[in-house]
Amino acid sequence: MQLAKWISRPKFGVENLNPLSVVQMFLVVFWSMAAVADSAAPSMSPTNIFAPASTPAESIFGLSLFVLAVTGAIFVVVFILLAYAVVKFRKSAGDDGREPPQVYGSNQVELAWTVIPVLIVVALFMATARVIATVQKVSVPNKAIAVTAIGHQFWWEYRYPGLGVVTANELHVPVSDPGHPTPTFIKLLSADTDHSFWVPRLAGKTDLIPNHPNSMWIDPQETGVYLGQCAQYCGTQHAKMLLRIYVQSRDDFDRWIQAQRQPVSVSAAASQGQRIFETTACINCHTVAGTPANGRFGPDLTHLMSRDTIAAGAASNTAENLRLWILNPNAIKPGSLMPAMELNDQDLDALTAYLETLR
Amino acid sequence: MSTDAIAIPRTELAARPIVARLHEWVTTVDHKRLGILYIIYALVFLVIGGIEATVIRIQLIRPHNDFVSPQVFNRMFTMHGTTMIFFVVMPVLFGFANYLVPLMIGARDMAFPRLNAFSFWMTAFGGLLLYFSLVGANGLYGAGNAPDVGWFAYAPLTSRTFSVGHSTDFWTLALLVSGFGSIGTAINIIATILCMRCPGMTLAKMPLFAWLNLVMAGLVILAVSPLTAAQIMLLVDRYLGGHFFDTQAGGSAVMWMHFFWIFGHPEVYVLILPAFAFASEIIPVFSRKPIFGYSVMVGATVAIGFISMSVWAHHMFTVGMGANVNTFFVISTMAIAVPTGIKIFNWLATMWGGKIEFKTPMLFCIAFLFQFLAAGLTGVMLGVAPFNWQLGNSYFVIAHFHYVIVGGILFALFGAFYYWFPKMSGKMYSETLGKLHFWLFLIGFHLTFDFMHIPGLLGMPRRIYTYEPGRGWDTWNLIVTIGVFFQAAGILVFLGNLLWSNFRGEAAGSDPWDAWTLEWSTNSPPPEYNFYTIPAVESRRPLWDLKHPDDPDSKYE
Numbered sequence: 128m129q130l131a132k133w134i135s136r137p138k139f140g141v142e143n144l145n146p147l148s149v150v151q152m153f154l155v156v157f158w159s160m161a162a163v164a165d166s167a168a169p170s171m172s173p174t175n176i177f178a179p180a181s182t183p184a185e186s187i188f189g190l191s192l193f194v195l196a197v198t199g200a201i202f203v204v205v206f207i208l209l210a211y212a213v214v215k216f217r218k219s220a221g222d223d224g225r226e227p228p229q230v231y232g233s234n235q236v237e238l239a240w241t242v243i244p245v246l247i248v249v250a251l252f253m254a255t256a257r258v259i260a261t262v263q264k265v266s267v268p269n270k271a272i273a274v275t276a277i278g279h280q281f282w283w284e285y286r287y288p289g290l291g292v293v294t295a296n297e298l299h300v301p302v303s304d305p306g307h308p309t310p311t312f313i314k315l316l317s318a319d320t321d322h323s324f325w326v327p328r329l330a331g332k333t334d335l336i337p338n339h340p341n342s343m344w345i346d347p348q349e350t351g352v353y354l355g356q357c358a359q360y361c362g363t364q365h366a367k368m369l370l371r372i373y374v375q376s377r378d379d380f381d382r383w384i385q386a387q388r389q390p391v392s393v394s395a396a397a398s399q400g401q402r403i404f405e406t407t408a409c410i411n412c413h414t415v416a417g418t419p420a421n422g423r424f425g426p427d428l429t430h431l432m433s434r435d436t437i438a439a440g441a442a443s444n445t446a447e448n449l450r451l452w453i454l455n456p457n458a459i460k461p462g463s464l465m466p467a468m469e470l471n472d473q474d475l476d477a478l479t480a481y482l483e484t485l486r
Numbered sequence: 011m012s013t014d015a016i017a018i019p020r021t022e023l024a025a026r027p028i029v030a031r032l033h034e035w036v037t038t039v040d041h042k043r044l045g046i047l048y049i050i051y052a053l054v055f056l057v058i059g060g061i062e063a064t065v066i067r068i069q070l071i072r073p074h075n076d077f078v079s080p081q082v083f084n085r086m087f088t089m090h091g092t093t094m095i096f097f098v099v100m101p102v103l104f105g106f107a108n109y110l111v112p113l114m115i116g117a118r119d120m121a122f123p124r125l126n127a128f129s130f131w132m133t134a135f136g137g138l139l140l141y142f143s144l145v146g147a148n149g150l151y152g153a154g155n156a157p158d159v160g161w162f163a164y165a166p167l168t169s170r171t172f173s174v175g176h177s178t179d180f181w182t183l184a185l186l187v188s189g190f191g192s193i194g195t196a197i198n199i200i201a202t203i204l205c206m207r208c209p210g211m212t213l214a215k216m217p218l219f220a221w222l223n224l225v226m227a228g229l230v231i232l233a234v235s236p237l238t239a240a241q242i243m244l245l246v247d248r249y250l251g252g253h254f255f256d257t258q259a260g261g262s263a264v265m266w267m268h269f270f271w272i273f274g275h276p277e278v279y280v281l282i283l284p285a286f287a288f289a290s291e292i293i294p295v296f297s298r299k300p301i302f303g304y305s306v307m308v309g310a311t312v313a314i315g316f317i318s319m320s321v322w323a324h325h326m327f328t329v330g331m332g333a334n335v336n337t338f339f340v341i342s343t344m345a346i347a348v349p350t351g352i353k354i355f356n357w358l359a360t361m362w363g364g365k366i367e368f369k370t371p372m373l374f375c376i377a378f379l380f381q382f383l384a385a386g387l388t389g390v391m392l393g394v395a396p397f398n399w400q401l402g403n404s405y406f407v408i409a410h411f412h413y414v415i416v417g418g419i420l421f422a423l424f425g426a427f428y429y430w431f432p433k434m435s436g437k438m439y440s441e442t443l444g445k446l447h448f449w450l451f452l453i454g455f456h457l458t459f460d461f462m463h464i465p466g467l468l469g470m471p472r473r474i475y476t477y478e479p480g481r482g483w484d485t486w487n488l489i490v491t492i493g494v495f496f497q498a499a500g501i502l503v504f505l506g507n508l509l510w511s512n513f514r515g516e517a518a519g520s521d522p523w524d525a526w527t528l529e530w531s532t533n534s535p536p537p538e539y540n541f542y543t544i545p546a547v548e549s550r551r552p553l554w555d556l557k558h559p560d561d562p563d564s565k566y567e
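Just so you know, the protein sequences line up as chains A and B, in that order. Using the working numbering, the first residue of the first sequence is number 128, and each one after it goes up by one. Using the working numbering, the first residue of the second sequence is number 11, and each one after it goes up by one.
Be careful, since some hints might not be right.
[To be verified] One side only, chain B facing chain A, incomplete, derived with CB under 8 Å:
id: 1; residue: L383
id: 2; residue: P396
id: 3; residue: L509
[To be verified] With a straight-line cut-off of 20 Å between C-alpha atoms, the simulated SDA-like cross-links for lysine to any residue are:
id: 4; chain 1: A; residue 1: K264; chain 2: B; residue 2: G330
id: 5; chain 1: B; residue 1: K445; chain 2: A; residue 2: V213
id: 6; chain 1: B; residue 1: K565; chain 2: B; residue 2: P209
id: 7; chain 1: B; residue 1: K565; chain 2: A; residue 2: P268
id: 8; chain 1: B; residue 1: K365; chain 2: A; residue 2: D222
id: 9; chain 1: B; residue 1: K557; chain 2: A; residue 2: V230
id: 10; chain 1: B; residue 1: K565; chain 2: B; residue 2: E548
id: 11; chain 1: B; residue 1: K557; chain 2: B; residue 2: A546
id: 12; chain 1: A; residue 1: K264; chain 2: A; residue 2: K314
id: 13; chain 1: B; residue 1: K557; chain 2: B; residue 2: D524
id: 14; chain 1: B; residue 1: K365; chain 2: A; residue 2: G232
id: 15; chain 1: A; residue 1: K218; chain 2: B; residue 2: D524
id: 16; chain 1: B; residue 1: K365; chain 2: A; residue 2: G221
id: 17; chain 1: B; residue 1: K565; chain 2: A; residue 2: V230
id: 18; chain 1: B; residue 1: K445; chain 2: A; residue 2: R217
id: 19; chain 1: A; residue 1: K264; chain 2: B; residue 2: G332
[Unchecked claim] The following residues of chain A were derived to be distant from chain B, with all beta-carbon distances above 10 Å:
id: 20; residue: P308
id: 21; residue: E349
id: 22; residue: R382
id: 23; residue: C412
id: 24; residue: R423
id: 25; residue: R486
Everything labelled a hint here was simulated from the structure, so no lab data went into it. Even glycine gets a Cβ: it sits at the ideal position worked out from N, Cα and C.
Chain B on its own, in the form it takes in the complex (with noise of 0.2 Å):
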């Protein structure tokens, strides 16, 4: 039985005019048009991001380097680290969740529609209040400047004793505004999700797509909130007279530091459980088997939510907790490694007895694999509170997060966009420019962060605009800048493809991958209504059993 069978003819609609469709964009509440808005969103200051990352590195390319100014050099490490984290990686997997959940769960759109685009809109604002400090932060056009306190911001250096004029204002605004439309969009997917199910789908026979973006999103209600009231807290600091974290008037920094942490820590597992959404979604598609241990893959996501709300301090070993709390956070950060280390048995058992196809998603999962593996391992060095002592602030830490960050998520990330790019643009993308993006930005990945561990190792701390000569850093940074370029130049053919398939691409049709989830039973791109009827499902590979009618998986979950 043909898939295509309940695929939807596309009708011809005549051209309309540019202002039309910019307006039918703009006023879009369809889950699809709103996911695709993210994601271009993110794109743009993906590519802003990138820019700052490469300014920091030309600047630390040798010791006594005067390519900007140390102010610039703040400049650029804060917006980079807050661009990268709340305008780039989040809006990207909330565009994905919000384009893919509905499609997989066989719901017509997520549950709140205009909150969703009411969410969409929240975090683009805020993305632009960032960036419009550049010309509006100390009150003359023109004569503005961007936030310098560093991504987490510590206090007291946010107070206005230490910063003058308002860039930290516009850091605060963005964060707070966009962490709205955060918490509106997670709650729109654990709506979704626990309400607007197709028939037969009980919670044990949905995708595991849908199952981290669930415990994601209950991550974002319960860590974005602490980051919130801690915005206003700040707020309220600096214009109201309080004296929170005001450490001239008794304030406490270290409160800030907890605020921070208890949104920052479980931020990263909002980052990764998408990722692990998608490597769980496309790992089993090409090695032809279903997810190995799908029930233990769903416990292992939910003791990573519960665990990730406990381990924040260790970001805080250095702060004189005492022995005892420090104690404390050793072992619950240590504890999460070991779900974590599930997920990456489950799907090398997924591959195990697999018939693997290298295509391009492919390739980005299993390069997040190993990648992974490793940034893990840094992890659980760095949970060991004394080692943490020397290697806490180094460039080790940065090596590590960027590890988790662009080897882990990235990558996983660029795998989802090759993956589900035939379904949104309903287009094949180029498998040869896909093949040449991984290899050159797997290259330029190992250059830069393989080689950022060791002036770690050797004593060099993060967020320092040069540094001297004679403390055997120069040859490391050198080459870590070397790779910068081979990323970039990985990024320009990912963008390239993208934009040339997707005028130019072959028809990709219903299933390129003979896949097995409902997103693949409709038209590519689907139509504004996802399924002319709804889909009633019978197991978690609804496809299979299409297609296997005489064996299907209903037989043995």
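This is chain A alone, in the form it adopts within the complex (with noise of 0.2 Å):
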């Protein structure tokens, strides 16, 4: 008895898997994955990880269909075996009630879990510690568009520092051809708490952290706009900070720019708008270049109706939003940091004829 139970080793089943099987096992979860992530395009969210249209969203998603495959293998072979276990050794009907054989243990077998899994590692950790490098490790080219980003209780404000741009939640960059790439590079910034910049399709994250400059970098291969929004909690209204990218080609960027540094043009029919901003709380947050308005504290005004949406993504940009967010911002985004402005209907018209003349 003492001896049977030395001798009596389970029987593993993994030695009679054929390797074969195991490796038809791994294609078939690779495969599986990579046609998954193939039909994953756009279409099913502008959000999608897995449709990457820029080098660092790309170099995530190769590296992730590797990640995927084997953990996906691992997770295949051991629910079998599981599986297997859990059936196989039920208790049956009949049972004589006798005590199976007592196995305390095999070192040989321990050293196999042991090992295989310890070379798995390995591998996995080459492919990550390579494209760290290809996506942290880059020296910041000539031709890079320079765009610091600054966060902000529940905004995104964008600075172009060598075209002395200044606009708000929607950030335009050009298109990177392969041949001729022109990636931008972004500083990001924290005005108040943390935020995280994240377009999935453009990039992985990166944190906005007051006292502590973050870069990231994009090179977006297809003009569109990119979807993204703040990863990282920063307050009441972290949902809806909104990220939009406007991807355009070179020439339009460039026309972008040039409107951008237009000083302001107000007309005389909305002069009455224009004073109405200008002598309530209106200037203390917002700018308006050209005119006395410099206020820092939210969206730079200049070129308003440039832009397709306000209160960063929360609504489209139409005069009767414009109307309702000055009235009552928190009936759009409760709990943002602009103030209800308690104008009377008639300053409300003008100062919403005001702002429609900033484009």
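Dock the two chains into a complex; use the hints.
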């Protein structure tokens, strides 16, 4: 009996497993992952991490497929072993009531399932280290566009230091032709709490932390609008701190820059609205370049009407929404830091009319 | 030889007035009563935290929902996380450790019974303090509000500039107070295991349960201390003009992250090691085989303990730590997968060649194995720093750690409830209700947390009170919310089963599972002094030796 205990080793199915079938399983998993990812184009979601359109996101995508294949294969193999054990070794209905052979362990088996995971870990680590270097250890090329993104509760400020442009919430960058790359390098700062810049199709996220400047880069290869949003909890309206990146052809981008540099031209018809703007609390927080308004706490409004959205993407930029936003910001974005301006209908209309001239 | 031979007949006591009985519970220093107090306290908070989760999920059932305001939503996720980690899972695990460690190592109580009571009441008052914020946080009674800084309370959102009123103070003080309780209990567990083992029980002959709790307690001391220090620093910042984390005066937000996660990641292992402990006791008994590779299991546990102290910054891959630091934390994080994998393989090998009996505790442990496997593998994905740049702070992370905490820890914990309920109450639970609970909770868990991975892959960040339509997240969020109601139903069946069985269940007897560790050698429930005579053991399975005198384990160890 004692001898039996020592000798009887569990019948390990691992030994009976054909190595070829393991490889097949691995391939099936890899192939189905790739199929999923392939079909998962942006049509599934405009923020799909498996629809990359810029080098950092693509490097991550490639690595993620490898990681998914390896972990998927491990999952399938161990799942089958567990399921097999649970089904095969269940107590049968006509059990004789005797205890099964008592097995205490086996050093060889322990060694096997220590060494194999170690090897897998080493492989995963090597692949990972390479992608970290690809994305993080890059030097800034001459042709790069430099942008400073500043996170505020609950909106984004964008400054183009070399180009003399300041805007908010909608970042414009040129498309980057792989032959002549014009990547955009973004310096990330925060004016208040922590935020995180995440546009899944262009790059992984990087946090904006006060007193801790960060940077990231993108080189989008197709024009279009790329969406994302703040990914680090930053306060009440963290949810409506949306990111919109407009990737434009080089010509369109240059034209946009040119337009943003123009000083504001106010028509006489809007002078009443301008007076209201400049004599109420508006100017404490907002800048309209070329006028006395030079507040920095809120978004720069010099070219407000060139934007598709207001309130960091929370509403589309229509006269109706603008009016509602000035009247009661909480109706669009409860907890936003813009106060309700308490204007009468007449003043509200005049002010809205003025803002609509800021093109 | 029957094990009932050493059990003591119970004497019937006359019913005493309820005030006298309550007084006994409040003033008790008995490890079993304190264990039960911990467990009941945690169950109450489990219901509260569950209601908070339900509010969160109803709000997210469709885009632009307005079930609650953003302010309320932010308080809900802060309270849900804080409650579940600090006032549900930790206390309930301490409860089981308190109850079972002395019984398993043949001791009459914990090493320091008064410290034990002190620690429990500190934890209990910590929880009350957290919830007192609802009435007291804004200075006026009834005008208060719960904390809304998130359960990891990143600076500088916690500074007085961004968090006015006292809600953050209640959060800080609650964790400070309960942290002292946790450290007290950890010291007690370590002292008990090292000093109070019965004759013959060398460290190598302890049940794995004791080993895992020993490492857990060591981790509590190492992990909770920095958290406690950070809370004190935060209070200094808020009230004494300190600038540790006050970025507007040159403080460092990143330093808070380091302090928090040097606590936060070992904390995960503080929570999972006791779950491993339950599985390591339950799986062998219901497979009718000893644990496979005992010494390797111990080694893997100690390895997890050490490695878990060097992985914390994998929570900070997006903070901008630089390529080299990121690379270091990738390898340390992946390294921990190896001892964890070894554990899964050893449980598998324990079942292999056994005679598995699908009683409720075993069902929960089997589900634990499958789910923990998946949770570990998504953990490896998150450990791949570049992949983490996409997945971090998304719903994928939420799905991952709920797979660990619910799919792993809570499932093992439910197994433990059913396994030791007969010992604690003396009554057998209803197997039918137990299985109903299992299936309801299994369905609910998978509906909620399997599908929760997908919106994360599609770019949905965590902690948003609402989301835009047209992102492809709607359907998944709907399914996730539906799952919550299955889980809630499962919890109600579970609580009903405990209550009904406690009052109406059949007598369980001292050893209903034909098990092998010392707690099954005494009465159910055990008398105040646990053992009539202090047992002496010769192997890891003393009751196996008793039941099989012809072929005892002690011959092979």
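Results for each hint:
no., hint, result
1, L383, "holds, 6 Å"
2, P396, "holds, 4 Å"
3, L509, "violated, 30 Å"
4, A/K264 with B/G330, "holds, 12 Å"
5, B/K445 with A/V213, "holds, 17 Å"
6, B/K565 with B/P209, "holds, 18 Å"
7, B/K565 with A/P268, "violated, 72 Å"
8, B/K365 with A/D222, "holds, 9 Å"
9, B/K557 with A/V230, "holds, 17 Å"
10, B/K565 with B/E548, "holds, 9 Å"
11, B/K557 with B/A546, "holds, 15 Å"
12, A/K264 with A/K314, "holds, 15 Å"
13, B/K557 with B/D524, "holds, 9 Å"
14, B/K365 with A/G232, "holds, 17 Å"
15, A/K218 with B/D524, "holds, 15 Å"
16, B/K365 with A/G221, "holds, 12 Å"
17, B/K565 with A/V230, "holds, 13 Å"
18, B/K445 with A/R217, "holds, 17 Å"
19, A/K264 with B/G332, "holds, 9 Å"
20, P308, "holds, 20 Å"
21, E349, "holds, 17 Å"
22, R382, "holds, 28 Å"
23, C412, "holds, 17 Å"
24, R423, "holds, 15 Å"
25, R486, "holds, 27 Å"
Hints 3 and 7, counting from the list given before, are not met by this structure.
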